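Visitor: With the sequences and hints as input, model every part of the structure.
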Amino acid sequence: MSTVLERRTVRIPPALVTALVFLLLWQVFTMWGPLAGTSVPTATTTVVTFVRLLGDSATYSALGQTLLMAVVGFVIAVVLAIPVGILVGLSRFAFLSSKFTMDFFKVIPPIVIIPVTILVFGPTIRMGIFLVAFAIVFALAIQTAYGVRDADVVLLETMRCYRLGIVKQIRYARLPSAAPFIAVGIRISASAALVVAVVAGLIGGAPGLGRAILLSQAGGLSDVTFALVLLLGLLGIVVSRTVTWIQNRTIFWANR
Amino acid sequence: MSTEISIEHVSMEFRTPEEVKHVLDDVSYSVTPGHFVSIVGPSGVGKTTLLRILTGLTQPTSGHVAVDGVPVKGSPAGLAVVLQDYTRSLMPWLTVEKNISLPLLNEKLSKAEIKERIGASLEEVGLSGVERSYPWQLSGGMQQRVSIARALAVRPRLLIMDEPFASVDAQTRFDLEDLVLKVKDDFGITTLMVTHDIDEAVYLSDEIVVLYGKPAKVRDVVPVDVGASRSQIETRNSQRFADLRTHVYAMVRGLE
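Protein chains in written order, with our numbering: chain V, 1 to 256; chain U, 1 to 256.
If you are wondering where the hints come from, they were derived from the structure by calculation, not from laboratory data.
Note that this is a predicted model, so its numbers are computed, not measured.
Pairs of lysine-lysine, DSS-like flavour, derived with a Cα cap of 25 Å:
| id | chain 1 | residue 1 | chain 2 | residue 2 |
| --- | --- | --- | --- | --- |
| 1 | U | K108 | V | K168 |
| 2 | U | K184 | U | K115 |
| 3 | U | K111 | V | K168 |
| 4 | U | K115 | U | K182 |
| 5 | V | K168 | U | K73 |
| 6 | U | K98 | U | K111 |
| 7 | U | K217 | U | K73 |
| 8 | U | K98 | V | K168 |
| 9 | U | K108 | U | K73 |
| 10 | U | K21 | U | K217 |
| 11 | U | K73 | U | K21 |
| 12 | V | K168 | U | K115 |
| 13 | U | K98 | U | K115 |
| 14 | U | K214 | U | K21 |
| 15 | U | K108 | U | K98 |
Taking CB as the label site, the calculated pair distances span:
| id | chain 1 | residue 1 | chain 2 | residue 2 | range |
| --- | --- | --- | --- | --- | --- |
| 16 | U | S6 | V | T101 | 49 to 55 Å |
| 17 | U | D225 | V | I166 | 43 to 49 Å |
| 18 | U | S62 | V | W253 | 42 to 48 Å |
| 19 | U | D225 | V | L96 | 54 to 60 Å |
| 20 | V | I237 | U | E107 | 47 to 53 Å |
| 21 | U | I233 | V | I166 | 45 to 51 Å |
| 22 | V | W253 | U | E123 | 25 to 31 Å |
| 23 | U | T32 | V | L80 | 54 to 60 Å |
Just so it is clear, CB atoms sit at the ideal spot from N, CA and C, and this is done for glycine as well.
Guide: And the structure:
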């Protein structure tokens, strides 16, 4: 029960407090502190540039290219990984047999294969899409397979006792059991997709925000570099919040 | 409606690389149609193994089991099960009504018929009104009632229960026992139950099968002649009840 007094107090979002303190420290460090006079722009300069970039159509086309690579790569990975993960997870042999190879590809950092992808695709959107898909498809497939294998034996045996066949077992027991596992995989993959799409531009020269950051840095426009990083950070938060929001509504039984 | 179960010379061995574990040795027994039979015995004697053979989940090493003269291969038609661990045998992602209707997917029923079955079985177990709830929103006793309702909804000819009341508190246990007696009076389904609770076995059963030994044999078959109508207070206080429970207890403990 909140009292009238308590209700009157102004509620400041807790997240805002730390963010403002951070901005303040940034400002202090770059104006009077050890970073003064370096190429690190002040918080206010960065924010001003950020606002200016929001009014620039080039920002949106770069943003669009990055999101295109992230989203298409992500969708391709999901469409491949989930059915493969389900099939592999259904068979103990297939799971044990494929795990080593999938683990092998999973642990290869996407940056390492950038030289090869440039040879094949050139510094293009297609290269970015491939890189994003490659970066997440194996982890997501393994995660899905784990989830399918995690289905409760008691539940599956109950279904067998009631003469419910393999298709119904997949539909009503295996897939829902795997859903929280797949959800974790998707949440991590969505953030990774964005990161890799940027890296594809930053290191591989693919179009989008990554290349914009690279070019601004080469041109000595450090305020633009920082403003773009700020934009990416905010974008990352939007992506992860959105995924979590969707999950809380679809896999309601897992976080009761 | 009632079904005859015959168990003929059933032996069961589990082979591991280290040893051969001989669990059941030449077990033979026939369940009279419509009877309620409890299987008791020391922990680990092989009671659940015998039930698993009857549900077709496990094949015996030798011997035969048949339901109404049909050899058991896979779950026999008309079987319903209630297991100890209701949290693992009900699906958390389905509402109570969806859980109950799941085994009905095998039958070609209209939506109205399914709804009618769900309503009738929930009413039988005294749980009307929770159709739209999820199992985890209900108490343990209520969840086990849902399991029983799910079993009744398939209009079973044979009901198999593996320690159905072992995970609920004492008061709920008495309530559920009386519910099972009511179901028995209403439908006369041939029922086999494994229990550790000898009082419960005497209270509910028409006949008690005592398994004993390693490997287990049928030590004795005890007809329970405490009358057809039973009550928690009168039946449990009768001399005959006390004699039977002492007799069965002594056998389970290897004292007789």
